[in-house]
Every structure is written in structure tokens, then in C-alpha cells.
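These are the residues of each chain, in order.
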Amino acid sequence: MSEAAAPDLREVRGPSALSGGRQRFFDLLWLISVTEFKRVYFGTVFGYLWSLIRPLMLFGVLLFVFTQVFRIGSDQVEHYAVMLLLGIVLFTFFQETTTKSVTSVVDQEGIVRKTQFPRLVIPLAAVLTGAFNLGLNFLVVFAFVFAFGVDPTWTWLLLPVALVFLFVLAAAVSSALSVLYVRFRDVAIIWTVVAQVLFYGTPILYPVTAFDDPTIEHLLMVNPLAVIFQQVRVWILAEPQAPTAVEAAGGALNLLPAVAIFVGLCVFAIWIFNREAPRIAEDL
Amino acid sequence: MATSLESNTPPAIEVRGLKKSFRIPTHRVDSFKERIVRPFAARDYRELRALDGISFDIRRGEFFGIVGRNGSGKSTLLKLLASIYRADSGTIRMAGRLAPFIELGVGFNPELTARENVVLNGVMMGLSPGEARRRLDAIVGFAELEEFVDLKLKNYSSGMLVRLAFSLMIEVDADILLIDEVLAVGDAAFQQKCADAFREMKAAGKTVILVTHAMATVEEYCDRAMLIDDGRIAHLGEPEEAGRRYLRLNFEGAGAIGASSTTGSEDAPVKMLGARIVDANGERTSSIEHGEKIRIQIEIEARQDFAALAIGHLIVNGDGVGVCQLRAPIGGDPPPPIAAGERLKVETVVDNMLGAGHYFVHCGVNRLLEGGVALDVAAATDFVVFGGPADRGLVALPQETTTVIEKAQA
Numbered sequence: 001m002s003e004a005a006a007p008d009l010r011e012v013r014g015p016s017a018l019s020g021g022r023q024r025f026f027d028l029l030w031l032i033s034v035t036e037f038k039r040v041y042f043g044t045v046f047g048y049l050w051s052l053i054r055p056l057m058l059f060g061v062l063l064f065v066f067t068q069v070f071r072i073g074s075d076q077v078e079h080y081a082v083m084l085l086l087g088i089v090l091f092t093f094f095q096e097t098t099t100k101s102v103t104s105v106v107d108q109e110g111i112v113r114k115t116q117f118p119r120l121v122i123p124l125a126a127v128l129t130g131a132f133n134l135g136l137n138f139l140v141v142f143a144f145v146f147a148f149g150v151d152p153t154w155t156w157l158l159l160p161v162a163l164v165f166l167f168v169l170a171a172a173v174s175s176a177l178s179v180l181y182v183r184f185r186d187v188a189i190i191w192t193v194v195a196q197v198l199f200y201g202t203p204i205l206y207p208v209t210a211f212d213d214p215t216i217e218h219l220l221m222v223n224p225l226a227v228i229f230q231q232v233r234v235w236i237l238a239e240p241q242a243p244t245a246v247e248a249a250g251g252a253l254n255l256l257p258a259v260a261i262f263v264g265l266c267v268f269a270i271w272i273f274n275r276e277a278p279r280i281a282e283d284l
Numbered sequence: 001m002a003t004s005l006e007s008n009t010p011p012a013i014e015v016r017g018l019k020k021s022f023r024i025p026t027h028r029v030d031s032f033k034e035r036i037v038r039p040f041a042a043r044d045y046r047e048l049r050a051l052d053g054i055s056f057d058i059r060r061g062e063f064f065g066i067v068g069r070n071g072s073g074k075s076t077l078l079k080l081l082a083s084i085y086r087a088d089s090g091t092i093r094m095a096g097r098l099a100p101f102i103e104l105g106v107g108f109n110p111e112l113t114a115r116e117n118v119v120l121n122g123v124m125m126g127l128s129p130g131e132a133r134r135r136l137d138a139i140v141g142f143a144e145l146e147e148f149v150d151l152k153l154k155n156y157s158s159g160m161l162v163r164l165a166f167s168l169m170i171e172v173d174a175d176i177l178l179i180d181e182v183l184a185v186g187d188a189a190f191q192q193k194c195a196d197a198f199r200e201m202k203a204a205g206k207t208v209i210l211v212t213h214a215m216a217t218v219e220e221y222c223d224r225a226m227l228i229d230d231g232r233i234a235h236l237g238e239p240e241e242a243g244r245r246y247l248r249l250n251f252e253g254a255g256a257i258g259a260s261s262t263t264g265s266e267d268a269p270v271k272m273l274g275a276r277i278v279d280a281n282g283e284r285t286s287s288i289e290h291g292e293k294i295r296i297q298i299e300i301e302a303r304q305d306f307a308a309l310a311i312g313h314l315i316v317n318g319d320g321v322g323v324c325q326l327r328a329p330i331g332g333d334p335p336p337p338i339a340a341g342e343r344l345k346v347e348t349v350v351d352n353m354l355g356a357g358h359y360f361v362h363c364g365v366n367r368l369l370e371g372g373v374a375l376d377v378a379a380a381t382d383f384v385v386f387g388g389p390a391d392r393g394l395v396a397l398p399q400e401t402t403t404v405i406e407k408a409q410a
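Chains as they are written, first to last, in the numbering used here: chain A, 1 to 284; chain B, 1 to 410.
One chain only, chain B, in its complex shape (with noise of 0.2 Å):
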């Protein structure tokens, strides 16, 4: 794995051959009566490999991204890091106090006033109670809740408590902080809030790990990502390379579903020959700048008769967002009637207005007349868009600003 050691900087985590596997029984045992009716019932189990052995330094002060899909071993590593679980074999070593947030608000007690629970979450992530109750202030502050800070938390809105949990994440002053998917919470203003409070920790020097599934956080504020893939390290450096393997590992996922579905398969319909993005010239091109063209290049053969298709195009941004639907009739319009046995080349033309990004696009065949789908293919082509005066936002759309100064009354 090629890592680039920039510095020296002593690491803050130092993970070594870390294995962990989970026994699943194929029949569960929860009673003595059970164990003592079928003896040896629970000796049946399948051995689930969550972890296989991987390896990776944390350095000090590093903003460090952990990206994987579901069932990965990215949530089993971040637990074996919480202490949650233990690993069957391998270290973890740790440079300082780490506060964990699995999920935010988890120690909170609905029953207790927020000032009980910020002193006993304050000593669950290592404070002393002294100490918790002296920071008191500054986390009912931060969050804003100053006249709450007597109110039982069964009273408070989700809202409140995510203000209250985050602020308490802030305010503990953990060496390392290990958060997973917490800035999708909360309204605009408090996400705000907490964009600076990373920027701010970054500043300090905080080592942080994030954990999360939103690529542009990661391309944001992390130095470093790593990618996990079943178990192992899939991807060690580059946040963008980082996100970009990961979204390509999430859309073979979604191909793989498309294929088995009969619309994708071979007994589909239509059939997929080719997918591809296309240049001016007709060169297959992966990279398009803002402002020309998208050329979206399909070949289909049909397979029975049709009354009439149409496109239905959608493109998607790294996010999974789905940005716009591409629809038209093929053939012309009105469309012609298609025999089964036809080749056809379908090129959908586009203006670029996309901001820049990683995009996919959703091939799709529809019947025009009798209705329903004939062709789906997720991600059956992929392209980059690079250039354009936006750097914010999922487009950037043609604009004109008119100014009227009027000039003021002598």
C-alpha cells in the first residue's frame, strides 16, 4: 500500500493485523431449557469474517476518513477502535483519550435533566466529575440550551438533543474523536455550526476520524481516507481516489442488482450492447469540461417487436443523487415502430451544465406506447466533469444578473 509519509508526526493510532469474525449460530440457543433440552445445538455455526487481518497508522492531528459500504467491516472496525468489541488477534494502540460517537445522544437517559446527563456522558468519555461539571457551561452554550438545562431530555426535541449530544462531542476535548455519520443531523444552521467546529478542531491539531457515507465530507475535510472492502484495506491515501473507488464499488453493487433483474438481463426485452460517453468526433471520452456537450452513446438491439421506445436516461451524482432524467423518443418523432432483430445507436446529446463531480448515468429503455420498462442498466457509463465557475452546488445553471442603480434623491 503506497502511503505517503509526509512527516514524522508520532502516530495517534496504530492498528496491526487486526481480525475479527463473528460466530452466527445456525440455530440460536437462548434458553438453559434449550441448552439442556438440545445439548449440543449451538455447536453449529458459521463463521463470519468481519476483518482479515488489516494494518494502518493514524497520525497525530490527521483528519482520517473511513469509507466502506454496508457489511464491509467498516462498523466492526470502528468498534474494535471504541472498544465496543474485542479483536480475536491483532493490536490496536492508542496515543491519548478517544471519544467515540457511534451515535449521537446514545448515553443520554431520557429520565435525567440535561445537566445529569451532560455530567455522566462528560465521565463516560473520560472526564472527571469535577471536570464535567465545570464544562457544563460552555456545552449547554454551545448548544444553545442555557434555559433547558434543568429540563428532563424526554422533553427535548430531536433537534435539542442532537445540539446537546454534539456540543458535548465539542466540548469533552477528547485527544481523538471518533465520529460516525453525525453531520447529517440537525437543521442548516447547526450543520453550519458544526462545519466550523471540524474546521476549528482540524486547526487545533485533533486527530478525528470520521466515519461517514457522504464522499464530499471526506473530499472536504479529510487528509487521508481509507476504503474498506470485505474485510480489507481496499484503499489507503487520497480522499478523491478514496471516494471514487468506493462509489465505482457501489454502482458494480447496483450493476449486479440490475443485471439479475429480468430488465438488465438476457432474457430482457431489449438487449445492452454498448454504453459509453462519446466527444464531439465520436472518440469514446471519460472526462467532459463544464459548459460542452454530454454525448451519451447507447447500442440496443431489440428482441421482439415494440410499437415504439424511448430513452430514459438518468444521470447520477457520486452522492447517488439522481441530478436529471434524460427523455426522448427513438427513432424520431413520432416514433417509429421497432422490429424485433433491429440494431440501433442512440446518441443523447446534453449541455454540461453540472458542476464539477464524479457522474454516472442509468441507461433505460422504455415502451413508448404500451408503457413499461424494456431496458435498465445502472451505471452503465460513467463520466467526470471538471471546469466551471461554481464550486458549490450540484449544477451551474446559465445565469444573467440585471442591476438597476438608481440614483439617490439630491
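The following block holds chain A by itself, in its conformation from the complex (with noise of 0.2 Å):
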């Protein structure tokens, strides 16, 4: 202890969302999230499997369906079974983070009202988490764009832009559900219900396409998922009769509600997660 050095009073303002300085914050975040992504990894045998098992199971069950069952799929889409792959892989990310995350402050009690924490590292610790597993999940859906015979092309360089929205998309998400959480229990369920709706509301299982209608196409693209999902299919499958995002949506001034959904949620997040933060502790 130097003697010398004496610290200047400086003024403690209680918790906050990124409370006790920003790299402080950057290291929790970066330590909860790996280590808590070794533990699922390497703390059991399964792990990892368990965490692939099921995005690939519901592939299996679709592929099938909608391609011996309904035929949607194989008629429209040269490549339905690659598309299927990413949207679920995809949107699993979405859905696990963003559910999880919605208890995630709460399930944390302990270290909320008892220890000086910075609130916002929960959710985004989940979202992390869920972002190091999709990383890993990308390489089982590489494999299977080999297997089916699609080529390697250029675009496929621009799918971290895509996915960096959509960790954005998931991480607002997150926060702003894992705070009205703590003071509406409901939360929870409702978010389920919305999820399963997004799921069905994302061309996931279903080209934009399918419907043969503009108009449907343009409102699919109201959706940020939607937006994000469709141009991850064109960069990746590069298929010259798949549309862009902005082409589904009927010009680049019609994804300005998907925009202004994706900006609104963010401002959003932000807005509700600084006015809860400081009174987290106390709600509980």
C-alpha cells in the first residue's frame, strides 16, 4: 500500500445500468459470458450436443414435413433444406437468449441485492452466451451448405454484418424484457406467445416468397428478424431468384418501418433499462 497515493473523494451514485466503470463492465461481461459458455461446453459430457440437439431435431421434423408433407419447400426453393438450417439455427439463438434473459435479473437475486453490480451485464452475459454457441452451431451449418452442394461465394464474408444486428436485435430485446420482469411477472409468458408468433412471422419455414403477393412480402419486411433472416438466405445461398431484403420489401423506403422498429427497440431498452436499473434491488 503506497501511503502517498491518497484517492480523491469522488461521488458513489448508486447502481446503474453499467454501475462501476466501463471496464469493469467489459470484463464481467466477457468473463460471465465464457465461463458460464466453458461450463455448458466442457462441464458435461452432452454439453454441447444437447445445446445442437435441438435446433437439428426441429430441422429433421420440418424438412420433413415441408418437403415430403406440404412440398412448399422443394418446389419453390432450390436450396429449402440450408435455408430451414439457418433460420432455425438463427432464430434459436433469438428465441433462447431473449428467453432466458427475461428472468435472468430476477433468477440473479443474489448478486442484485446484495452485491454493487452492473445490472446490464445479466442479459447481455445471456445474449453473449447464446452468440458463443451460435458461433458454434455456424459450423454444423456450414457443413451442412457443403453437403448440399452450395458454393462458397463472396457474400458469404458479409454475413457477420447480418448477425451483428442481430445481436444488437436480441440484445435490446433482452434487457428491456429482463427489467419488466422484475415488475411484471407476466413477462414471461407473453414473451413465449410472441416469440412462437415471430417464429411463424420470419420466413423461416416459408421463402418471402411462397405467398405470390407483394403486399404480404412488404409487410413480412415490417419485421426486423424478417429483414436480417432474408438477406443472411441471399448472402449465403446466393440464389439469383431469391429477393433481397429491400427488393421484398418494394424498395429501401419500405424497410424504413423495419428500421424504425429496430432503432425503437433500442432507444427503447435503453430508456427502460436506465430508469429500472437504480431500483432493481428494491423491487425484488
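Simulated from the structure, these hints should not be mistaken for lab results.
These numbers were taken from a predicted model, which means no experiment stands behind them.
It is possible that part of the hints are untrue.
Said to hold, decoys possible - Cross-link-like lysine-lysine pairs, in silico, DSSO-like; alpha carbons within 30 Å at most:
| hint | chain 1 | residue 1 | chain 2 | residue 2 |
| --- | --- | --- | --- | --- |
| 1 | B | 152 | A | 100 |
| 2 | B | 154 | A | 114 |
| 3 | A | 38 | B | 154 |
| 4 | B | 152 | A | 38 |
| 5 | B | 19 | A | 114 |
| 6 | B | 193 | B | 154 |
| 7 | B | 33 | A | 100 |
| 8 | B | 154 | A | 100 |
| 9 | A | 114 | B | 152 |
| 10 | B | 293 | B | 271 |
| 11 | B | 271 | B | 345 |
| 12 | B | 152 | B | 202 |
| 13 | B | 193 | A | 114 |
| 14 | B | 293 | B | 345 |
| 15 | A | 38 | A | 100 |
| 16 | B | 202 | A | 114 |
| 17 | A | 100 | A | 114 |
| 18 | A | 114 | A | 38 |
Stated by the list, open to error - With the C-beta cut set under 8 Å, the calculated list includes, among others, these residues of chain A facing chain B:
| hint | residue |
| --- | --- |
| 19 | 8 |
| 20 | 10 |
| 21 | 11 |
| 22 | 12 |
| 23 | 24 |
| 24 | 27 |
| 25 | 29 |
| 26 | 35 |
| 27 | 275 |
| 28 | 276 |
| 29 | 278 |
From the three backbone atoms N, C-alpha and C, an ideal C-beta is built for every residue, glycine too.
Mind docking these for me? Both chains are given alone in their own frames, and the hints should help you get the complex.
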């Protein structure tokens, strides 16, 4: 201990989303996400397998149903299986992280009520852990991509751009839900329903062009998830007949609602989290 | 508030006009459904004022005790200092890094190994991840858990957890430590280690805020202590005085409870007219030297006929521990019947073998033949014991030591 360097008095402002400084925030976020990921991945023999088996099972079932029973997939899309798998893996990330985040702050009650902990780390760690998992799942996805005979193109390099948007969206939704759940416990139920609706409202099972109706295509592109998914499909599969998000929306201007929802969700999440963060410990 | 600022050491913590109240909704709305069905339900709430504008300074290198009853606002203050709650108004300013220990090991994740937990919690307490890894050895070393560093915490015993948590606290080397009731854990050997660590911290000039119910700890370690009552500072200064006032508050509370029960109230079968400690001349006194006699005198009035009565006093020390019970029939042996309206003055004399400290007397009168309590007054009187050979232990018993020296065989 050096006696010379007497630290100055600094005001303590109480808990907040980032309380304790930026560096500590990122250190904690990284550390918690990595530890949690390692725990799931190395903790049990089948740890990682379990997190992969759910999307793969869903993929297998849906692939069978939509290629053998209804035949909407194979008739319209050259690489229906790959499109389906991409969609399922991406959506599983979004659904699992947001669902896990809803209760995350309440689950970490002890830490929130008894330590000085940057509150925002809790939902964001769930998203980051999910992102690690998604990265790993993409190895499997690309194995399928090659297996189904999709040729690599330079647009594959654009995938991270779409993923960044997906992560930001998941982070915004997760943090907003996690603080809302502190006060309103039915958020959890509401969100599972909304997530289910989103699953069908996003072109995962079907291509956007499935309806042969430009109005429905435009409407679908109001959903920011649909925009992201559509663009991933275009970039990975590089099919000339698949419309880009802009084409599906019927012009760049028609993407404005999706952009507005995206930005609105982010602003709302920041606002609500900052508003609630100082009081979480009291409301629990 | 008369605070003796003996030196011009810079403050480590400066608190000014701190206020905090909680809104307790009369009807808690915890779902959207309810919010929609009854949109105005949550508007009704009562305000609970936990802290009512308190100000104080804690100097650098000071051992500062905070005491107070449950519900006094003590925990709220703690959580405000630890940045768990946000104040309604007022400021807290701090010099340096604060490591809060509201509860030992609260940041531990049972699914992770000790190694992972130490790093994670070290970072939570403000270390960089690299620094936390460097200090890992010292932390597990102090806790004597080197062999278990890769064991998941869910497989730890509670004693091991406490040790790990405590050594983490010691080794993170924060400028200010906020410790809440941690000395009461662990086995005797570890407690000794904690006590040593405290002395070391004190010697190293750390600022330590100690929150505890154990007055002995406050008096032993703290330079100053603050008593909080009803959201205000009731005392700030001498730890001994804070301890005394705290006990008085505690027993006032206990007395009030006793008074509301049937045995202590107006319609109790025996009425308490007075209770006091007296000296050999029958004069009222409050301090008794060790080795002298303790004379407890009570005046009572019987409200009904009794076959026989007996006193049943309990001497309680400052920590609320019953030290000894005094029982004796009233009016001789065999005890005579007592008629309604009779007034009795009963004096009980015991040898004072108690260690130095503050004691309270719970006065009681029992029905001897029928059984049952006729009167029970908590902390009816109190006294202070001074002198005595022992400075540790509750009582100093008369002793006799014999030694036999056997000559060494040639």
C-alpha cells in the first residue's frame, strides 16, 4: 500500500446499468459469458450436443414435413434444407437468449440485492453466451451448406454484418424484457407467445416469395428479424431468384418501418433499463 | 453531535444529508394483466422513511462500527454505501475502492470451480481479470483450500465456502471494506484467523466499516461507532457509549413487549412497584465491583391470593445471553401463602462473580405450587460490573490451583 497516493473523494451515485465503470463492465461481461459457455460446453459430456440437438431435431422434423408432406419447400427453393437450417439456427439463438434473459435478473437476485453489480451485464451475458453458441452452431451449418452443394461466394463474408444486427436486436429485447419482468411477472408468458408468433412471422419455414403477393412480402419486411434472415439467406445461398430484403420490401424506403422498429427497440431498451436499473434491488 | 476529530486525516467516506424512503404499495401490481384490469391499483402506497437525512464522515484508516436494531435504517445505509440502492437525496463521496460484504460469498456460483469463482468475484470487487488470477494462489492459500481449487463450489462444505469468501475479501485489498456480520461464522480456529486479519487490517491503516450486533466486536476493534435509530444518528463517537445506548434501545423494546403481555401489564396477578440494585446500606446503585454482592431489590403487590410465590430473576449480559438464573421462594422456606393486596419487598443477594460489563435483570415472579408466571418484566433494572481479574470470559469463578513438582529422577 502506498501512503502517498491518497485517492480523491468521488461521488457514489448508486447502482445503474453500467455501475462500477466501463472497464469493469466489459471485464465482467466477458468473464461471465466465457465461464458460462465453458460450463455448458465442457461441463457435461453431452453439454454442447444438447444445445445443438434441439435446433437439429426441429430442422429434421420441419424438413420432412415441408419437403415430403406439403412440398412447399422443395418446389420453390433450390436449397430449401439449407435455408431452413439457417433460419432455425438463427432463430433458436434469438429465442433462447431472449427467453433466458427474461428471468435472468430475477434469477440472479442474490447478486443484484447484495452486491454492487452492473445490472446490464446480466442480460447481455446471456446474449453473449448465446452468441458463442451460435458461432459453434455455424460450424455445423456450414457442414450442411457444403453437403447440400452450395458453392461459396464472396457474400459469405457479409454474414457478420447481419449477425451484428441480430445480436443488437437480441440484446435490446433481452435487456428490456429482463427489467420488465422484475415488475411484471407475466412478461415471461407473454414473451413465449410473442416468440412463437415471431417464428411464423419470419420467413424461416417458407420463402418470402411463397405467397406470390407483393403486399404480404412488404408486410413481412416490417419485421426486423425477417429483414436480417432474408439478407442472410441471400448472402449465404446466393440464389439469383431470391429477392434481397430491399427487393422484398419493395424499395429501400419500405424498409423504414423495420429500421424504425429496430431503432425504437434499442432506444426503448436503453431508456427502460436506465430507468429501472437503480431500483431493481428494491423491487425484487 | 460532538465528534472528536482528533486528527486531520482526510475522510475516506463523506456522507451528507442522506435520505431514502421506500414505497410500499398497499396492493402490489406485478403483472401487465393486473395493470390493464385495474389501472390505478398501484397508485396507493405508503411511504416508509428508512433514512432521514444523515451526515457523517469516516476518516481514512478508521475502524468504524455501525450498530442499530433491525428496521433502524442500518441495512439501508449499508446498501446505499455499497451502491445497491440509490439515495433519494444527499450525497455519498468515497476515496478509493470499496469492497462490500453484505453477505459472505453471495457472488459465488455453485456450478463453477473455486478457481473460476475467485477470478469472477475478484473482478466483481474491482480487480482486473489478470490481477484476480495472480492473487488466486494467495486467496486459496489463506483459506487453506489449495487441494480443492478445481472443485465445484456446490461440493464445498459451508465452512469451506466461508473460508474462501473471507480470504477473498482480505486479499482483494480494497481501500475500504464494508463488512456485515461476518465474524459470526466459521469454526473457532477460523474465527481466530479472522480476528488476526482484522488486527492486521487495522495495523495496515485500512478503512473498515463493521456492521454487527456483537457489541464486544465493536468495542474491541472500532475507533468510533455510530448508532442508528429510526433513520437518524442516535449516537456517533465512543464505541462503548454506542454499545450502551444500543442495548438500552434493545431492552426498551423488549420491555415494551413484556408490558403488553398479560404478565407485565396492569392486570397481571402480581404488580411490579419497583426494581433496583442497592448497595450494602440499601442505597440505590448502578455499579458493582467484582467480588462484592449484587443486591436486587423488587417491590411487588399481590392482586390475588397465592398459595406461594417464588422469585425467578434472570441476569442477562449485554449480548442478550442469560448468564444466571436466580430462584428462591418468597417469604422463607416453606413459603407462606400470600393474600391479595399484600405488598412485599424482596431482596436477592448473590456473589458478584460476573466479568466486567453491562448487565440487565429480567425480574420474574412465579406461582410456586400451581405453577405459572405471575410477573415477568424484561430489563427491570440494570447494573455495570467493574474490576475483576479476568478480561475474557463471561464469569470469573473462584479458583484454586495446586501444583505438585516431582523431583527429577537422578
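Hints, one by one, checked against the model:
The suggested pairing of residue 152(B) with residue 100(A) holds, with an alpha-carbon distance near 23 Å, which does not exceed 30 Å. Taken as a hint, the residue 154(B) and residue 114(A) pair is honoured in the structure, with Cα atoms around 20 Å apart against an allowance of 30 Å. A hinted pair counts as satisfied when its Cα atoms are at most 30 Å apart, and residue 38(A) with residue 154(B) qualifies at roughly 17 Å. Annotation: proposed proximity of residue 152(B) to residue 38(A) holds, straight-line Cα distance about 14 Å (limit 30 Å).
Of the supplied pair hints, the one linking residue 19(B) and residue 114(A) holds, its CA atoms being roughly 20 Å apart against a limit of 30 Å. As the CA atoms of residue 193(B) and residue 154(B) are separated by approximately 24 Å, the hinted pair is consistent with the 30 Å bound. Straight-line distance between C-alpha atoms of residue 33(B) and residue 100(A) comes to about 22 Å, which keeps the hinted pair within the 30 Å bound. Under the criterion of a C-alpha separation no larger than 30 Å, the hint pairing residue 154(B) with residue 100(A) is consistent with the structure, at around 22 Å.
Restraint check for residue 114(A) and residue 152(B): satisfied, since their Cα atoms lie roughly 22 Å apart, inside the 30 Å limit. About 26 Å separates the Cα atoms of residue 293(B) and residue 271(B), which keeps this hinted pair within 30 Å; it holds. In summary, the hint linking residue 271(B) to residue 345(B) is supported, as the alpha carbons are separated by about 12 Å, within the 30 Å threshold. For a cut-off of 30 Å, the pair hint linking residue 152(B) to residue 202(B) is broken: about 33 Å separates their Cα positions.
Restraint check: the Cα-Cα separation between residue 193(B) and residue 114(A) comes to about 25 Å, which is no more than 30 Å; the hinted pair holds. With a CA separation close to 18 Å, the supplied pair residue 293(B) and residue 345(B) stays within the 30 Å bound. Annotation: proposed proximity of residue 38(A) to residue 100(A) holds, straight-line Cα distance about 17 Å (limit 30 Å). Among the hinted pairs, residue 202(B) with residue 114(A) is consistent with the structure: their alpha-carbon atoms are about 25 Å apart, no more than 30 Å.
Straight-line distance between C-alpha atoms of residue 100(A) and residue 114(A) comes to about 22 Å, which keeps the hinted pair within the 30 Å bound. Under the criterion of a C-alpha separation no larger than 30 Å, the hint pairing residue 114(A) with residue 38(A) is consistent with the structure, at around 26 Å. Interface restraint check for residue 8(A): the shortest CB-CB distance to chain B comes to about 6 Å, inside 8 Å, so the restraint holds. Hint status for residue 10(A): holds, given a least beta-carbon distance of 6 Å to chain B, under 8 Å.
The beta carbon of residue 11(A) is positioned within 8 Å of a beta carbon in chain B (closest approach about 5 Å), and the interface hint is therefore held. Residue-level restraint check for residue 12(A) holds (minimum Cβ-Cβ distance to chain B is 4 Å; threshold 8 Å). Taking 8 Å as the C-beta contact cut-off toward chain B, the hint placing residue 24(A) at the interface holds, the least distance being around 6 Å. Here the hint on residue 27(A) is kept, as its CB sits about 5 Å from the closest CB of chain B, short of 8 Å.
For residue 29(A), the suggested interface contact is broken, since its CB lies about 10 Å from the closest CB of chain B, more than 8 Å. The beta carbon of residue 35(A) comes within 5 Å of a beta carbon in chain B, closer than 8 Å, and the hint placing it at the interface holds. The closest approach between the C-beta of residue 275(A) and any C-beta of chain B is roughly 12 Å, which is over the 8 Å cut-off, so the hint fails. Look at residue 276(A): its Cβ only gets to about 11 Å from chain B, farther than 8 Å, so that hint breaks.
Proximity of residue 278(A) to chain B holds as hinted, the smallest CB-CB distance being about 4 Å (cut-off 8 Å).
Consistency with the previously given hints fails for numbers 12, 25, 27 and 28, ordered from lowest to highest.
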